[in-house]
Every structure is written in C-alpha cells, then in structure tokens.
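**Q** Single-letter residue listing:
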Amino acid sequence: MISRRDFLQVSMAASALYGASGFGNWAKLAAQQALTQDQLLEFDTFGNVSLIHVTDIHAQLKPIYFREPEINIGVGPNKGEVPHVTGADFRKLYGIDDGSPSHYALTYNDFSALAKEYGRVGGLDRVATVVKAIRAARPDALLLDGGDTWHGSYTCYHTNGQDMVNVMNALKPDAMTFHWEFTLGQDRVRELVEGLPFDALGQNIFDATWDEPAQEFKPYEFYERGGVKIAVIGQAFPYMPIANPGWMFPDYSFGIRDEHMQQMVDEVRAEGAELVVCLSHNGFDVDKKMASVVSGIDVILSGHTHDALPEPVLVGDTIIIASGSNGKFVSRVDLDVRDGQMMGFRHKLIPIFSDVIEPDAEMAALIDEQRAPYQAELDEVIGQTDTLLYRRGNFNGSWDDLICDALLSERDAEIAMSPGVRWGPSLIPGDNITREDIWNVTSMTYGKAYRSEMTGEFIKVILEDVGDNIFNPDPYYQQGGDMVRIGGMGYSIDVSKPQGERISDMTLLSTGEPIDPARSYVVAGWASVNENTEGPQIWDVVESHIRKKGTVSLEPNTSVKVSGV
Amino acid sequence: MDFTRRETLVIGGATAVAVALPMQAMASAVDDAINAFTGGAAVGDSGVTLDAPEIAENGNTVPIEVSAEGATAIMVLAAGNPTPGVATFNFGPLAGSQTAKTRIRLAGTQDVIAVAKMADGSFAKSQKNVKVTIGGCGG
Numbered sequence: 001m002i003s004r005r006d007f008l009q010v011s012m013a014a015s016a017l018y019g020a021s022g023f024g025n026w027a028k029l030a031a032q033q034a035l036t037q038d039q040l041l042e043f044d045t046f047g048n049v050s051l052i053h054v055t056d057i058h059a060q061l062k063p064i065y066f067r068e069p070e071i072n073i074g075v076g077p078n079k080g081e082v083p084h085v086t087g088a089d090f091r092k093l094y095g096i097d098d099g100s101p102s103h104y105a106l107t108y109n110d111f112s113a114l115a116k117e118y119g120r121v122g123g124l125d126r127v128a129t130v131v132k133a134i135r136a137a138r139p140d141a142l143l144l145d146g147g148d149t150w151h152g153s154y155t156c157y158h159t160n161g162q163d164m165v166n167v168m169n170a171l172k173p174d175a176m177t178f179h180w181e182f183t184l185g186q187d188r189v190r191e192l193v194e195g196l197p198f199d200a201l202g203q204n205i206f207d208a209t210w211d212e213p214a215q216e217f218k219p220y221e222f223y224e225r226g227g228v229k230i231a232v233i234g235q236a237f238p239y240m241p242i243a244n245p246g247w248m249f250p251d252y253s254f255g256i257r258d259e260h261m262q263q264m265v266d267e268v269r270a271e272g273a274e275l276v277v278c279l280s281h282n283g284f285d286v287d288k289k290m291a292s293v294v295s296g297i298d299v300i301l302s303g304h305t306h307d308a309l310p311e312p313v314l315v316g317d318t319i320i321i322a323s324g325s326n327g328k329f330v331s332r333v334d335l336d337v338r339d340g341q342m343m344g345f346r347h348k349l350i351p352i353f354s355d356v357i358e359p360d361a362e363m364a365a366l367i368d369e370q371r372a373p374y375q376a377e378l379d380e381v382i383g384q385t386d387t388l389l390y391r392r393g394n395f396n397g398s399w400d401d402l403i404c405d406a407l408l409s410e411r412d413a414e415i416a417m418s419p420g421v422r423w424g425p426s427l428i429p430g431d432n433i434t435r436e437d438i439w440n441v442t443s444m445t446y447g448k449a450y451r452s453e454m455t456g457e458f459i460k461v462i463l464e465d466v467g468d469n470i471f472n473p474d475p476y477y478q479q480g481g482d483m484v485r486i487g488g489m490g491y492s493i494d495v496s497k498p499q500g501e502r503i504s505d506m507t508l509l510s511t512g513e514p515i516d517p518a519r520s521y522v523v524a525g526w527a528s529v530n531e532n533t534e535g536p537q538i539w540d541v542v543e544s545h546i547r548k549k550g551t552v553s554l555e556p557n558t559s560v561k562v563s564g565v
Numbered sequence: 001m002d003f004t005r006r007e008t009l010v011i012g013g014a015t016a017v018a019v020a021l022p023m024q025a026m027a028s029a030v031d032d033a034i035n036a037f038t039g040g041a042a043v044g045d046s047g048v049t050l051d052a053p054e055i056a057e058n059g060n061t062v063p064i065e066v067s068a069e070g071a072t073a074i075m076v077l078a079a080g081n082p083t084p085g086v087a088t089f090n091f092g093p094l095a096g097s098q099t100a101k102t103r104i105r106l107a108g109t110q111d112v113i114a115v116a117k118m119a120d121g122s123f124a125k126s127q128k129n130v131k132v133t134i135g136g137c138g139g
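From first to last, the protein sequence lines stand for chains Y and B.
Each residue of the first sequence is one higher than the one before, counting from 1 in the UniProt record's numbering.
Each residue of the second sequence is one higher than the one before, counting from 1 in the UniProt record's numbering.
Hints listed in this document are in silico derivations from the structure and should not be mistaken for laboratory results.
For clarity, every value in this text was computed on a predicted model and none was experimentally measured.
It is possible that part of the hints are untrue.
[Claimed, not checked] Simulated pairs of lysine to any residue, SDA-like, Cα-Cα distance not exceeding 25 angstroms:
#1 Y:Lys172 / Y:Gly76
#2 Y:Lys460 / B:Asn58
#3 B:Lys101 / Y:Lys460
#4 B:Lys128 / Y:Asp211
#5 Y:Lys497 / B:Lys101
#6 Y:Lys172 / Y:Gly47
With the hints as extra help, turn the sequences into a complete structure.
**A** Okay, here's the thing in structure tokens:
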C-alpha cells in the first residue's frame with residue numbers, strides 16, 4: 001500500500017539552538033521498506049518536556065483528502081519565505097523526494113494520483129492513537145489545541161459544536177484558543193467554555209465595553225511538567241469581528257495587542273516560568289512579526305493560516321511551529337529546559353495517514369456515536385466529480401469555482417462571490433459527492449446566499465479591500481484569509497501595488513466586456529458578515545446545482561491574472 | 001459579503017472625500033494643526049506612546065490611548081478625517097500620569113497622530129496607521 005520514503009525528523013543539539021543561522025540540512029530518515037505506524041511515530045524522546053500541537057481541525061472527525069495550495073504568495077519581508085513556498089520548490093527546500101509520502105502530504109503536485117496511492121489523511125480516532133503513543137513515551141506531555149475546532153461540518157453545525165467538544169474532551173487537551181468558535185454566538189461559546197475540563201486561553205480576548213481582558217478567558221496558565229514550570233499564553237484570532245460577523249459576539253474585542261502580550265510574558269517570567277509557550281491563532285506571518293516584536297517567548301504554536309511545515313522557523317530565540325489543518329497533522333515538540341532556559345528541541349510534524357495509523361477504538365466509537373443521528377443525511381450521494389475538488393490557493397480553488405457556478409445559475413446572477421476561507425477538504429476524480437462533502441466546504445452559522453446589486457466601482461472597492469487584507473506588506477494588517485473568489489468576472493491583480501492600485505482589467509466573462517464602474521450588476525454570494533442577510537443556505541444552493549449536473553466537470557480557472565510576484 | 005445600502009453609502013462617501021480632497025490639502029490641514037500647537041517648533045519622535053488597533057473593529061468607535069511622561073498637553077489628530085482635529089488633553093502639575101484613553105471615529109484607513117508638549121517646552125510625535133476595512137473574508 002504505502003511504500004518509499006519516510007519523514008523528516010528534526011533535532012538540534014543544545015549548542016546549535018542559539019546562534020543558528022538557518023535550517024535545512026537536517027538529516028532525513030530514509031526507510032526503503034513499507035511505511036508503518038511505528039515509522040510515522042518514531043521519535044527519540046528528548047529533554048524533559050513534550051508539547052503536542054493540533055490546530056484548525058475544522059470539525060473533521062473522519063479521514064479526508066486535503067490538497068495543499070499551489071499559489072501561496074508572500075509579500076514584503078515574507079516574499080519567497082516559508083510558508084510561501086509551494087510544490088517542487090517546497091520539496092527542494094526540505095529535501096523531499098518526488099512521489100514520497102512527504103510529497104503527497106506537503107505539496108499539491110500529482111495530488112489525485114498520489115491520493116489514490118496513499119489514501120486519506122486525518123481522522124480524530126487516528127489522532128488519538130498518535131496522542132496516546134506520545135503520552136506513552138512522555139506521560140505528562142502537554143496537548144494544546146490552536147482553535148478552529150468547533151466549526152466546519154454537518155454534525156458540528158447541527159449540534160452547535162457539541163460533537164467536537166465531546167470528542168476533544170476525550171482527547172484531553174490541556175488548553176485551547178479560539179477563532180471560528182465565536183461564530184456559534186457568544187452565548188453558546190460561554191456555555192461551552194464554562195463546561196470545558198481544560199483551559200480556555202486568549203490574552204487578546206477583551207471585553208468590548210471596557211476594553212479590559214474578558215473574564216471568561218484567562219490570558220495564560222501555568223503547567224508543571226517534567227519538573228519545569230511552563231506558561232502557556234493564548235492568542236485568539238486577532239480580527240474576529242472584522243473577518244467574521246461581529247454582531248454574533250458583540251461583547252468581545254480582539255486585536256493583536258502585542259504590547260499586552262509582552263506584559264503577559266514579563267508577568268509569567270516574573271512568576272517563575274522557565275518555558276513560555278504561545279498557543280496562537282494569529283496566522284504564520286503575524287506570528288513571525290510578533291516573535292520579532294515580543295521578547296521572551298520560547299515556542300509559538302502557530303495556527304490559522306493552515307500551513308504545514310516540516311521544520312520550525314526560528315525568529316530570534318523563538319521557534320515557530322506550523323501544524324497544518326483539518327486533522328492532517330500532529331506536531332510533537334520535545335524540549336530540553338534547564339536552568340530556566342530552553343536549551344534545545346526536537347520536532348516532528350507527524351502526518352496522519354489514515355491507512356497506516358490504526359484508529360483508536362474508543363475514540364472511533366465516540367466519533368460514530370456523534371454521527372449516528374445524522375448518518376443517513378451525511379451519506380446521501382448528491383452527485384459525482386470528474387475533477388479534483390479543492391479549496392486552497394490565494395485566488396481560486398475548484399470547490400469555489402463550483403460554488404460560484406452554483407450561485408450564478410441557481411441565483412440567476414451575473415457575478416458570484418465566495419469567501420476566501422482556507423478550510424474545506426478535497427475530493428479526487430471519481431469520488432461521489434455526498435451531502436457531508438458539501439457541508440465540509442460550506443458549513444457556517446452565517447451561510448445564507450444573498451442576491452443584490454452592486455456597481456462596478458463598488459465591486460472594485462471590495463476586491464481592493466480584500467486584496468489588502470492578504471497582500472498588505474505588513475503582516476499585522478493581514479487577516480489570514482485568501483482572496484474572495486469571483487465567478488462570472490475576470491480581473492488582473494498586481495500584488496506588489498498598494499491598496500486601490502492592485503486590481504485592473506475587470507471583465508464580465510459572459511460578454512467579454514469591461515466592467516462599467518457606473519453600471520449595476522446582479523451579484524450573488526454567501527457568508528455576509530452583515531446581520532439579517534436573506535437568501536437560501538449556501539449548502540442547499542450547491543446541492544441543488546450538483547443534483548442538476550449529476551457529474552461535476554470543471555475547466556481550469558484562468559480568469560485571474562496575477563503579477564508583481 | 002453583502003452590504004446594506006447604508007454601509008454602501010458610507011464607503012462611497014469615504015471614497016468621495018478622499019477624491020475631493022487632494023492629499024496636499026489633507027496634509028496641510030494636519031501640518032497647520034501641528035504648527036498651531038507647536039508654534040512651528042521642531043518635533044521629536046520619542047517620548048509619546050500611541051496605542052491604537054492595526055485594523056479597526058468598528059471605524060465609528062476606535063479605542064485609542066496616548067501617554068507621554070512629563071507632558072503638559074497631548075494633541076490627537078485623525079489625519080484622514082474631513083476635520084483632522086480630535087482632541088487636546090491638558091495635564092496640570094498635579095496629574096498622576098499623563099495618559100488619556102478615548103474612542104474616536106475614523107472615516108477610513110488613515111494615520112492617527114499624537115503630538116505631546118513636554119514640560120520643558122519641547123514637542124514629540126507618534127503616529128500609527130489604522131485600517132478601516134470592509135472585512136468578511138478571513139478564513
């Protein structure tokens with residue numbers, strides 16, 4: 001079944017941590033025999049502390065396919081830097097062989113073919129096996145969840161996050177931070193957080209009225225592990241009320257608040273913390289900048305932008321770990337902490353190959369229990385696909401092309417808009433499309449598909465605005481989403497220009513005519529952040545469209561011309 | 001990604017303002033206000049702390065905080081508003097700290113500027129770009 005190479009395992013001696021000029025020459029385990037669970041989990045326990053990081057699971061309880069992005073452009077200081085390296089360049093950077101499991105797990109090329117060879121990834125029953133194996137080696141390992149856990153599936157929507165809370169409680173994390181959880185509404189978030197048997201952290205979750213730290217979320221917590229006093233500081237997604245509907249959680253304010261972060265680091269150090277870990281939902285580039293601004297953080301466990309990196313990135317004395325999304329990876333970080341200092345680390349990004357890692361029976365049963373009441377609805381086959389369906393990429397993905405097609409035809413619109421979210425698993429050619437698959441890429445609490453009129457000028461304002469949220473050269477002004485996906489209209493974008501000058505050549509594809517700034521166009525879209533949006537739910541729109549099509553077959557999308565890279 | 005007519009008008013209005021007032025006009029209104037405050041004296045760039053969000057959660061009410069140890073007054077300007085002047089905070093000799101916190105309205109993405117007058121008659125400035133965005137596509 002699975003053959004070829006093994007995975008990167010990273011370790012550094014204490015002397016190499018400080019003053020290290022770069023990464024990239026670490027030895028790779030080369031195993032010629034069939035890939036086994038033991039190989040995926042192989043790790044020489046190191047030092048005295050182990051951290052386990054999962055993040056951005058997006059309610060994916062079962063194994064899925066997940067294609068990593070082809071287009072992931074970095075700007076400003078992050079131009080050409082990881083995680084803005086993809087495909088063959090990524091494999092070259094990390095010494096990954098073509099066709100290897102790492103190729104399949106970490107890059108997009110030949111995805112459909114490799115998916116057939118290597119199978120699905122993720123599944124929280126497999127994640128449970130990995131977590132238990134690490135705990136067997138290090139019983140007091142800290143398990144930290146970076147958030148975006150209670151969002152993203154049919155069952156999560158219908159249980160208001162309860163399915164994920166039940167399953168994660170069984171996995172026994174020590175702490176968690178937040179993003180999409182808040183789209184359950186603040187009352188539900190408070191209800192769930194109150195009942196959690198672990199810590200809900202966020203130093204940047206503030207009371208909106210008084211602009212003071214919110215009482216329901218502690219900024220940090222201490223843990224005594226391996227004789228080391230560890231402080232974990234939470235950092236929730238900074239731009240929640242901007243990127244998501246603020247009216248759903250009006251009592252809260254967020255922001256990066258790096259000065260407050262520095263205060264928290266100083267505070268925990270003053271209280272004797274020997275190791276400071278930041279459990280972050282900032283997004284990778286924001287975390288890199290924060291690590292350069294805030295001093296005294298040893299490890300940032302980074303979430304939000306869904307990047308998976310086989311080696312940590314070092315900024316000053318801080319290591320930043322990126323652990324992917326959708327349950328596809330678990331990161332293990334072993335640390336040697338002595339005399340109040342991190343002396344060295346060993347790290348492994350463990351890919352959850354679902355055909356290789358044995359599911360944990362107890363967890364599998366618990367997951368099936370959550371899904372049982374909805375099984376018939378989940379499994380209903382709506383259509384088939386001849387095309388690889390995926391979402392990740394800065395400008396478009398085939399799932400969003402399909403969603404935009406559905407909006408154009410079902411809502412009788414000239415132009416369609418689909419939000420640039422980064423969650424949503426993939427389907428490979430020949431797959432059935434079930435209702436569950438549709439919900440995996442559309443489920444949200446504000447999914448109504450609106451239909452309205454916008455002038456050409458206003459559509460440009462939107463594209464410029466969203467474009468600046470991803471291509472502003474200062475990461476602190478980025479929100480960590482991708483570009484809004486457009487159906488029915490093409491455009492050119494120069495990512496190196498400032499806001500207002502990036503977008504040009506907007507063209508209505510149905511006529512080939514330039515977009516007239518003064519004319520009104522019928523636009524259909526979904527995921528509006530405005531209250532009282534009207535329209536059918538997006539998953540119903542997409543389901544109806546796929547039923548009519550029977551088999552989905554999409555041409556490559558060439559409607560966005562990118563320059564300035 | 002949907003916009004009520006009112007929000008559309010607000011955004012349209014902001015665009016119109018930016019178009020109607022050339023940058024030089026905006027800049028000179030800010031320079032005039034600073035000159036009136038400083039009497040044309042040189043302005044340093046250390047000693048003032050301005051705390052404002054990078055991206056406003058709501059452009060109609062943006063929390064800001066200014067402080068400058070030993071200042072007798074701090075003037076706050078919103079450089080991109082139709083009328084840049086926001087407030088001038090005066091601190092008497094018995095003030096426990098020279099800090100002020102308030103919420104301001106921003107017509108669009110712009111620099112917020114704080115200029116402090118120190119007890120020795122010198123001046124210092126700090127500024128921060130605050131983005132006012134439509135939002136709605138973070139993932």
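**Q** If a hint holds in the structure, say so; if it does not, say that too.
**A** Evaluation of the provided hints:
no.	hint	verdict
1	Y:Lys172 / Y:Gly76	violated (40 angstroms)
2	Y:Lys460 / B:Asn58	holds (22 angstroms)
3	B:Lys101 / Y:Lys460	violated (36 angstroms)
4	B:Lys128 / Y:Asp211	holds (19 angstroms)
5	Y:Lys497 / B:Lys101	violated (35 angstroms)
6	Y:Lys172 / Y:Gly47	holds (23 angstroms)
When each numbered hint is compared with the structure, violations occur for hints 1, 3, 5.
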